[in-house]
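Quick note: the sequence shown uses my numbering, first residue 1, plus one each step.
Think of the hints as simulated: they come from the structure by calculation, not from any bench. Each hint should be verified, as a subset may be incorrect.
Label pairs and their computed distance ranges (CB to CB) [to be verified]:
1) Leu16 - Leu94: 18 to 24 Å
2) Thr40 - Gly147: 35 to 41 Å
3) His8 - Leu72: 15 to 21 Å
4) Cys105 - Gly136: 15 to 21 Å
5) Arg112 - Asp44: 18 to 24 Å
Built from N, CA and C at the ideal position, the CB exists for glycine as well.
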Amino acid sequence: MIDRSVTHTTFTLERLYPATAARTFAAWADPKAKARWFSTPDADHELDFRVGGREINRSHPDNGLSTTFESLYRDIVRDERIVYTSMLHVGDDLATVSLTTVAFCPADGGTRLLLTEQGAFLDGREEPSWREHGTGDWLDALGVELGAGGHD
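The whole structure should be built from the sequences, with the hints applied where relevant.
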């Protein structure tokens with residue numbers, strides 16, 4: 001029997017990066033850079049970074065149950081803010097719908113990034129703690145990308 005429930009949650013993550021706000025923002029905006037820290041080698045990643053543009057990340061795990069994370073960019077203020085809505089599908093089932101705001105603030109020697117996500121987690125298909133942990137992993141990977149001096 002399927003659990004027909006909705007769990008609402010909000011979480012905020014903060015990171016300090018040793019890069020300017022412009023460089024940190026660019027790592028979100030550039031398709032090649034974003035794929036390096038956001039996606040995995042076995043996934044299909046597409047990025048159309050503009051207001052109204054979409055980002056899609058499709059995984060193809062060995063267990064055969066694919067996941068598709070699709071975002072629509074709602075607001076972009078260069079070097080300052082990104083707002084997007086997302087859906088996560090597990091197989092054909094909708095698991096999560098969310099609204100995310102990413103703020104880029106100059107800080108001593110770099111950038112303070114503040115990410116706030118508000119989510120509706122549907123029918124027990126994803127736990128809020130999984131999303132928070134996974135998003136933290138992405139932000140840590142972004143730190144590695146920025147600390148490595150970036151790529152062309």
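_To test your reading of the hints: which numbers does this structure violate?_
1, 2, 5
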